[in-house]
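Asker: For the sequence shown, the numbering used here assigns the number 7 to the initial residue and increments by one for each residue that follows.
To be clear, the hints were calculated from the coordinates, so they are not data collected in a lab. Any given hint could be a false lead.
[Claimed, not checked] List time: in silico EDC-like cross-link candidates among lysine to aspartate or glutamate, alpha-carbon distance up to 16 Å:
| # | residue 1 | residue 2 |
| --- | --- | --- |
| 1 | K141 | D304 |
| 2 | K180 | E211 |
| 3 | K197 | D183 |
| 4 | K291 | E156 |
| 5 | K66 | D117 |
| 6 | K197 | D164 |
| 7 | K256 | E312 |
| 8 | K141 | D325 |
[Said to hold, decoys possible] Beta-carbon label-pair distances, calculated as ranges:
| # | residue 1 | residue 2 | range |
| --- | --- | --- | --- |
| 9 | E312 | T257 | 33 to 39 Å |
| 10 | D119 | D83 | 43 to 49 Å |
| 11 | N61 | R321 | 43 to 49 Å |
| 12 | H201 | D60 | 53 to 59 Å |
| 13 | S266 | V299 | 43 to 49 Å |
| 14 | A41 | V165 | 32 to 38 Å |
| 15 | N297 | N319 | 15 to 21 Å |
| 16 | N68 | N297 | 50 to 56 Å |
| 17 | H166 | Q242 | 21 to 27 Å |
| 18 | L205 | L62 | 25 to 31 Å |
| 19 | G212 | E310 | 38 to 44 Å |
| 20 | I296 | K324 | 19 to 25 Å |
| 21 | Q40 | K66 | 22 to 28 Å |
| 22 | G289 | L148 | 33 to 39 Å |
Quick caveat: nothing in here was measured; it's all calculated off a predicted structure. Glycine included, every Cβ here is placed at the ideal spot set by N, Cα and C.
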Amino acid sequence: NWLLMGFALSAIAVASASLGAFLALSLSNTPLRQARLTPAEEAVFNQEETLTFDNLKIPKLNRPVNILVLGIKVTTDDLPDQNHENLGYHALVNSFEGLSDSILLLRVDPDKDYVTVLSIPRDTKTFVKGRGITKINDANALGGPALAAESVSLLLNDVHIDRYIRINVQGVEKFIDALGGVNLYVPQNMKYTDHSQHLYIDLKEGQQHLDGDKALQFLRFRYDQYGDIGRVQRQQSFMRALIEQALNPKTILKIPDILSVVRSHIDTNLTTNELIAIAAFTGQKNRSNINMVMLPGDFNIPEEGELSYWLPNHRRIKDV
């Protein structure tokens with residue numbers, strides 16, 4: 007009897023937390039929208055309807071949806087014209103107006119019942135309107151999410167991009183803390199110091215429970231022989247661990263804290279109903295239904311004074 011009562015109370019608590027989080031999200035018309043796009047910028051994104059509703063009025067995806075995810079890192083040094091306290095170092099700023107430190111294209115496909123995550127190295131050499139041939143991480147800084155989406159679409163043979171999500175690096179740390187941390191295997195010792203950014207990375211190899219600060223160290227480290235490509239691979243392993251953590255039943259009790267972080271540090275043109283439908287779809291997937299790939303290519307060998315690039319392999323990109 008005590009066991010059954012415990013299960014019952016737990017079920018009530020989870021249901022209450024879920025309903026509360028659902029209402030908190032639903033009662034806001036544009037809970038996560040922070041950028042204002044012009045009609046021309048809005049037109050970059052595919053306007054075809056993404057949802058249907060069942061008999062209970064619960065939204066469900068009715069077609070595959072491609073979502074561009076941009077991790078943005080902005081420091082006070084990137085915004086010299088704005089009034090920031092002189093801290094003596096380049097502090098992180100809660101802004102979306104900088105370079106894309108991480109670029110992912112997420113495909114949520116209800117027809118084939120899988121999720122695919124394509125990682126695009128930030129040093130990928132490509133064409134960005136208004137700048138010409140450059141690194142793809144310039145696009146967001148030059149023209150926001152619309153130009154970033156145009157540039158990624160062009161790189162991927164005009165693939166449609168339906169929506170975007172931009173998350174500030176500061177938000178990653180707070181999001182992980184709101185989740186209660188993440189369990190992850192650190193593949194090597196990681197140590198790096200950059201006093202100009204107050205970036206201090208010191209992680210040991212092995213299975214660890216990372217809080218927000220240590221998770222950010224793991225994600226930002228790229229100071230080994232593989233550079234940004236090694237970091238992309240670590241980001242993919244981190245995302246798998248993060249998905250498993252997010253699908254933990256205990257996470258639902260932390261949703262109010264998670265929503266607070268999300269509202270402050272995320273900008274997206276996903277609607278509330280689309281967020282609910284995507285969360286419901288991905289929440290039912292196991293690891294075998296989540297495919298992670300990286301943009302095919304190779305390093306260039308820069309001459310003195312030239313930039314280093316990830317050179318995309320367009321024939322293999324077509325296959326991907």
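Asker: Could you run down the list of hints and mark each one as holding or not?
Answerer: Against the structure, the hints come out as follows:
no.	hint	result
1	K141 - D304	holds (14 Å)
2	K180 - E211	violated (23 Å)
3	K197 - D183	violated (22 Å)
4	K291 - E156	violated (29 Å)
5	K66 - D117	holds (12 Å)
6	K197 - D164	violated (40 Å)
7	K256 - E312	violated (50 Å)
8	K141 - D325	violated (22 Å)
9	E312 - T257: 33 to 39 Å	violated (46 Å)
10	D119 - D83: 43 to 49 Å	holds (45 Å)
11	N61 - R321: 43 to 49 Å	holds (47 Å)
12	H201 - D60: 53 to 59 Å	holds (55 Å)
13	S266 - V299: 43 to 49 Å	violated (33 Å)
14	A41 - V165: 32 to 38 Å	violated (22 Å)
15	N297 - N319: 15 to 21 Å	holds (19 Å)
16	N68 - N297: 50 to 56 Å	violated (21 Å)
17	H166 - Q242: 21 to 27 Å	holds (23 Å)
18	L205 - L62: 25 to 31 Å	violated (48 Å)
19	G212 - E310: 38 to 44 Å	holds (40 Å)
20	I296 - K324: 19 to 25 Å	holds (23 Å)
21	Q40 - K66: 22 to 28 Å	holds (27 Å)
22	G289 - L148: 33 to 39 Å	holds (36 Å)
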